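Required output: the full structure, derived from the provided sequences and hints.
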Amino acid sequence: MRLTRILAAVTLVAAGLTANIADAQTTLRIGLAEDPDILDPTLARTFVGRIVFAAMCDKLVDISADLKIVPQLATEWHWVDDNKGLVMTLRQGVKFQDGEKMDAAAVKFSIERHLTMPGSNRKAEISAVKSVEIVDDHTVKLVLDKPFAPLLAQLSDRAGMIVSPKAAQAEGDKFGDHPVCAGPYKFTERVAQDRIVLDRFPDYWNKDAVHFDRIVYLPVPDATVRLANLQSGQFDLIERLAATDLDAASKDSRLKIATITSLAYEGITINLNNGERAKHPLGQDKRVREALELSIDRNALNQVVFNGQFTPGNQWEAPSSPWYVKSIPIPARDVAKAKSLLAAAGVPHPSFTLMVPNNTEATNESQVIQSMAAEAGFDIKLQSTEFASSLDLASKGDFEAYQIGWSGRTDPDGNIYNFVGCKAPPALNAAKYCNPEVDAALDAARAASTDDARMAQYTIVAQHILADRPIIYLYHRRWLYAMNAGLSGFTPYPDGLIRPQGIEMK
Amino acid sequence: MTAFLVRRIALIFPTLFFVSVLIFGLQQLLPGDPAVTMAGEEQDPAVIAYLRQKYHLDEPLPVRYALWVEGVVQGDLGESIRIKRPVKDLIIEKLPVTGELAGLAMLVAIAIGVPAGILAAVKHDTAIDYGATMVALWGISMPNFWLGIMLILLFSVTLGWLPASGFVPPDESLKQNLLTLVMPAFVLGNAIAAVMMRHTRSAMLQVLSADYVRTARAKGLSQTSVVLRHALRNALIPVVTLGALEFGGLLSGAVLTEQVFTIPGFGKLIVDAVFNRDYAVVQGVVLCTAFAYIMLNLVADIAYVLINPRLSA
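In order, the protein sequences belong to chains A and B. Each residue of the first sequence is one higher than the last, beginning at 1 in my numbering. Each residue of the second sequence is one higher than the last, beginning at 1001 in my numbering.
Honestly, the hints are just simulated from the structure, not real lab data. None of the values given here were measured: they were computed from a predicted structure. The reader is advised that the hints may include incorrect statements.
What the hints assert, rightly or not - Straight-line distance between alpha carbons at most 20 angstroms, and here's what the computed PhoX-like set of lysine-lysine pairs gives: (1) A:K286 - A:K432; (2) A:K423 - A:K396; (3) A:K174 - B:K1219; (4) B:K1084 - A:K174; (5) B:K1123 - A:K174.
Take a look at the structure:
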């Protein structure tokens, strides 16, 4: 009898708690893998911050899920002056979240802010822009010093975010504490490392596409805990589900999954010319690098480490991308050829150190590569290094090979130019690769006016890079999302951002 | 007592100075350049140069130390490079969270550890003693991280009784606040309870065999009175020391537990700051927790004297 009473009481309490947890569904709770940095589009630098910006700050243009440039704050655009001018027509009747008008003057202010603010992380992205001219209230002209094809893609990201001039002037470099843009949700509150709260902006130009009153972003670094929060009903949507949790999440009837191949790549950067540690068979002889690539089975790597969820690749663009150079497909594993290449190079058992960021996934991956390469005769020593330290060592040239990736950009220029160009920052071109023919092709691709002309240049780049191998590209991540089964209208994009337009709870 | 207090308080300043030099110096040994880390993926050289200059990273070490101390003396602990907010604000924001979690964890620890220790000592060499010792061993050897995940899977995912992680401030909802802290406080308290039980047990055993306890028994006092009024008072001294140390440890951030339960306290703050080379935040938090440690030890010393006035000499 007493036991029955206790059980009844426990059940009542539990029911009460559960009811409390699942409060009224006008709030969308999103579990993020990290805590964003400063929420100022000019100063921001993290991927995860861009997820929050996607709900808060509209851009001049956006991308579609198939990577086409589509209108957002600008409705129409065309190139003039031999591709040295970009004229953009702005959407009429758009307001910032502080009630100010979004017009040509605001666009000029925002672009100039990106270009001139001390510490701006946008300056390099749009440095081709020399000035912004106001043609009329709703038309601007971006004047370039030379043709720069990637500009539109840059304007589809943070460099294209237009901020309220009044708020930005009032707040100065503290604007990130109270950002004011023209997106569907306005900033309400932030508790560092705990939550970012945004509320629906009632005067948003596309308000019919917005269904939740509030979005709360909650950073939870541990992927298992992120999933647990979703399963227990505390979150509605989580990003970066661990590939190893995908099976469990797919079998849970309370959840559904969305995935898409990302713009990111992962690979091995090899020190070719960056200080003393480049003087080494792997750095000096491209036959040794080819042998290393031939010893790796990308499909097996994907199966063993990522449950087959990622996309094997051999270029800076995924095989599904329109910018992938189809004439150079992924090479199959060929241990015999790898051995003969090593014999020809006179180093049948080359030994080198592979620097690996010290997270579980990267460690597992490096161990698989180590054992595959051993079959061809390589002796790889793994050096597990904390991430910030590894960046520092790489830019100083204190490495032989470095397992590192790139989060990816919409335009191919953003995925290759700074990694192999002679003038690229040492932290990105850690191999210190420099080839004038590649530089010429990269510059020609920037100046070309049609996609076909650009593709012809990227084919030249690929022919050099994939033979010289400053980077051996291995695979492309897939963005894995899990969400409450009742959530509808979520579309995954290759850039990994969560666009709230269209998402609703059915 | 006054002389004792003055002596102890005078020691605080050189200790803090020593701690500040140590954190400042040791941090410089970390590989990795904060400006490079903060410049983001793009690694724009202009941004790196700007960050170096803005945060005085290009100045010699002694100059940077002097600049920092000058700020600290004026109550300015610097600014987080990562989220561009004053370190003081971050500490003020996180301290109550960590304080509440630490307080609740200590409550759990004391509520389990002290009675279990007393019971084990009084029922020395019986099944109760062995049982308590076994439970204590379990508590010490259970990794916090693992226990945390298991509790989440049981109470949040399977049963749906408790929120899996996060933190709700008490002024927003006290009930939600306590619900979010139940599991992390238990995980932390459980490990400390085990240590506390062992210490209470051995201290009690020693005291119970002392002459004055035998005298008290000979006077015909009841078992409860002998144990609680005469023995426990003296046995508590090592337990108080331990409690102060453990509480200090909790304040400096229960790193793993805060990470698992996503509690936005000192532990998460400092771990993120170290990984991002956010020096000002690391320095501010360490200085603050060092100060808390020193104060807790002072409180423990005062508590000894109150428990056993002979120690004030």
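(request) Quick one: which hint numbers does this structure break? Sort them smallest to largest. (result) 3, 5
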